[in-house]
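Asker: Make a model of the complete structure from these sequences and hints.
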Amino acid sequence: MIAPLSLLWFALAASPAYGFVAPSSTGLARRTSSSRSASSLKMSDDLSGVQIMVNGMPGPMAAAAAEACLRKGLNLAPVAMTGPDIEASTISVVDSVTGKSASVKLIPASAKDEIDAAVEGVKTAVGPDNLLAIDFTHPSAVNGNALFYAEKGIPFVMGTTGGDRDKLLKDMEDAKHFAVIAPNMAKQIVALQAGLEDLAKKFPGAFDGYKIEVRESHQKTKADTSGTAKAVVASLKDLSDDDFEVSDIEKIRDDEGAMAFRVPEDALNGHAFHRYTFTSADGTVEFALEHNVVGRTVYAEGTADAVKFLAAKLREEKEGKIFNMIDVLKAGALE
Numbered sequence: 001m002i003a004p005l006s007l008l009w010f011a012l013a014a015s016p017a018y019g020f021v022a023p024s025s026t027g028l029a030r031r032t033s034s035s036r037s038a039s040s041l042k043m044s045d046d047l048s049g050v051q052i053m054v055n056g057m058p059g060p061m062a063a064a065a066a067e068a069c070l071r072k073g074l075n076l077a078p079v080a081m082t083g084p085d086i087e088a089s090t091i092s093v094v095d096s097v098t099g100k101s102a103s104v105k106l107i108p109a110s111a112k113d114e115i116d117a118a119v120e121g122v123k124t125a126v127g128p129d130n131l132l133a134i135d136f137t138h139p140s141a142v143n144g145n146a147l148f149y150a151e152k153g154i155p156f157v158m159g160t161t162g163g164d165r166d167k168l169l170k171d172m173e174d175a176k177h178f179a180v181i182a183p184n185m186a187k188q189i190v191a192l193q194a195g196l197e198d199l200a201k202k203f204p205g206a207f208d209g210y211k212i213e214v215r216e217s218h219q220k221t222k223a224d225t226s227g228t229a230k231a232v233v234a235s236l237k238d239l240s241d242d243d244f245e246v247s248d249i250e251k252i253r254d255d256e257g258a259m260a261f262r263v264p265e266d267a268l269n270g271h272a273f274h275r276y277t278f279t280s281a282d283g284t285v286e287f288a289l290e291h292n293v294v295g296r297t298v299y300a301e302g303t304a305d306a307v308k309f310l311a312a313k314l315r316e317e318k319e320g321k322i323f324n325m326i327d328v329l330k331a332g333a334l335e
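Position 109 of the sequence shown, counted from 1, bears residue number 109 in the numbering used here, the numbering being contiguous throughout.
Hints are not guaranteed to be accurate.
[Stated by the list, open to error] Using C-beta positions, here's what the derived DEER-type ranges look like:
1. 73 x 243: 44 to 54 Å
2. 48 x 97: 17 to 27 Å
3. 253 x 316: 36 to 46 Å
4. 99 x 285: 26 to 36 Å
5. 265 x 167: 36 to 46 Å
6. 331 x 211: 34 to 44 Å
7. 247 x 105: 36 to 46 Å
8. 208 x 247: 14 to 24 Å
9. 120 x 248: 42 to 52 Å
10. 241 x 113: 35 to 45 Å
11. 85 x 284: 45 to 55 Å
12. 208 x 94: 44 to 54 Å
[As the list claims (entries may be wrong)] For lysine-lysine, the following DSS-like pairs were computed, each having C-alpha atoms within a straight-line distance of at most 27 Å:
13. 220 x 202
14. 72 x 105
15. 187 x 251
16. 170 x 72
Simulated from the structure, these hints should not be mistaken for lab results.
For each residue, glycine too, the CB sits at the ideal point set by N, CA and C.
Answerer: Okay, structure coming up:
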């Protein structure tokens with residue numbers, strides 16, 4: 001076989017999740033409070049009146065997102081939800097770049113009454129439309145958490161992958177709720193996904209007869225198959241007549257396999273390596289696409305940009321709407 005043609009290479013950051021499930025909703029009606037007028041928002045260009053509830057701390061991805069919010073001039077809410085089996089505690093979030101810090105009380109998701117009271121307390125303090133959330137929790141919590149945010153009237157950025165994505169989108173559409181929902185928060189990878197989508201639309205079947213293979217490696221704590229890989233596969237399938245399915249993605253979650261996949265040893269606890277290949281039927285031609293990520297900074301900063309974008313959209317849109325990271329990219333909101 002000839003050496004692969006490497007189309008793109010990225011060295012960026014990884015996206016683990018920290019698990020908890022928000023208090024279960026008793027039912028979700030379509031909320032008129034999800035419709036907002038600009039005059040109801042205490043916002044300026046610096047978003048000084050807004051607070052961000054970062055749920056999933058002290059998990060590393062949620063913590064990195066909280067630090068990025070501080071770095072980008074956002075205020076953290078003084079409370080956040082953590083795992084149902086985690087003891088309540090108060091942590092200090094410190095951004096090492098700017099030196100900014102904030103104290104956040106973590107409330108277990110199992111403490112429903114305390115969470116409800118804390119949310120209402122923050123909304124009373126900052127205004128009912130000035131509390132937004134970032135979710136980096138666990139795939140099993142995705143759908144329940146989204147319903148919780150909609151029930152409480154909290155616009156959110158869903159960074160957690162997994163869950164029932166079709167139900168997630170339908171529930172939020174039915175609720176007419178403001179949200180940014182995306183499988184990946186990194187600007188460069190979002191641009192790559194947009195480019196592949198465009199390629200598939202313009203040249204469907206360009207790789208007919210080629211076999212698709214996809215491998216992805218993340219740290220052991222990531223429970224689900226990469227949401228980014230799933231999204232990319234959708235475009236690859238439009239380019240090829242191969243019967244490849246999402247279930248065919250090879251998921252690597254062990255140290256030995258990760259290192260064989262060229263993951264540095266010091267990145268085993270935080271990485272996101274992906275490789276996609278098209279191989280001709282006779283094995284003489286291979287096209288390869290890779291994006292390999294070490295650390296969490298790029299995802300965290302993209303998440304902070306997404307919540308700033310969402311806060312701005314609350315001023316512009318009268319009715320709740322679901323956005324994705326391509327919307328954020330097109331708006332020029334990714335710094």
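Asker: Next step is simple, just say for each hint if it's right about the structure.
Answerer: Against the structure, the hints:
Checking the proposed 44 to 54 Å range against residue 73 and residue 243 shows it holds: the Cβ atoms sit about 48 Å from each other. Restraint check, residue 48 to residue 97: a C-beta distance of roughly 20 Å satisfies the suggested window 17 to 27 Å. Between residue 253 and residue 316 the CB atoms are about 41 Å apart, so this pair conforms to the stated range of 36 to 46 Å. Between residue 99 and residue 285, the C-beta spacing of about 53 Å breaks the proposed range 26 to 36 Å.
Our hint of 36 to 46 Å for residue 265 and residue 167 holds, since their Cβ atoms are close to 39 Å apart. Between residue 331 and residue 211 the CB atoms are about 37 Å apart, so this pair conforms to the stated range of 34 to 44 Å. For residue 247 and residue 105, the hinted distance range of 36 to 46 Å is satisfied, since their beta carbons lie about 41 Å from each other. For residue 208 and residue 247, the Cβ-Cβ distance of about 22 Å falls inside the hinted range of 14 to 24 Å, so the restraint holds.
As the Cβ distance of residue 120 to residue 248 is approximately 46 Å, the hint placing it in 42 to 52 Å holds. Restraint check, residue 241 to residue 113: a C-beta distance of roughly 55 Å breaks the suggested window 35 to 45 Å. In this structure the hint that residue 85 and residue 284 lie 45 to 55 Å apart at CB holds, the actual value being about 54 Å. Look at residue 208 against residue 94: about 53 Å separates their beta carbons, and that is inside 44 to 54 Å.
Between the alpha carbons of residue 220 and residue 202 the distance comes to roughly 38 Å, so the proposed pair goes past 27 Å and is violated. Between residue 72 and residue 105 the alpha-carbon distance is near 21 Å, which keeps this suggested pair within the 27 Å criterion. For the hint linking residue 187 to residue 251, the alpha-carbon distance of about 23 Å falls within 27 Å, and the restraint holds. Annotation: proposed proximity of residue 170 to residue 72 is violated, straight-line Cα distance about 31 Å (limit 27 Å).
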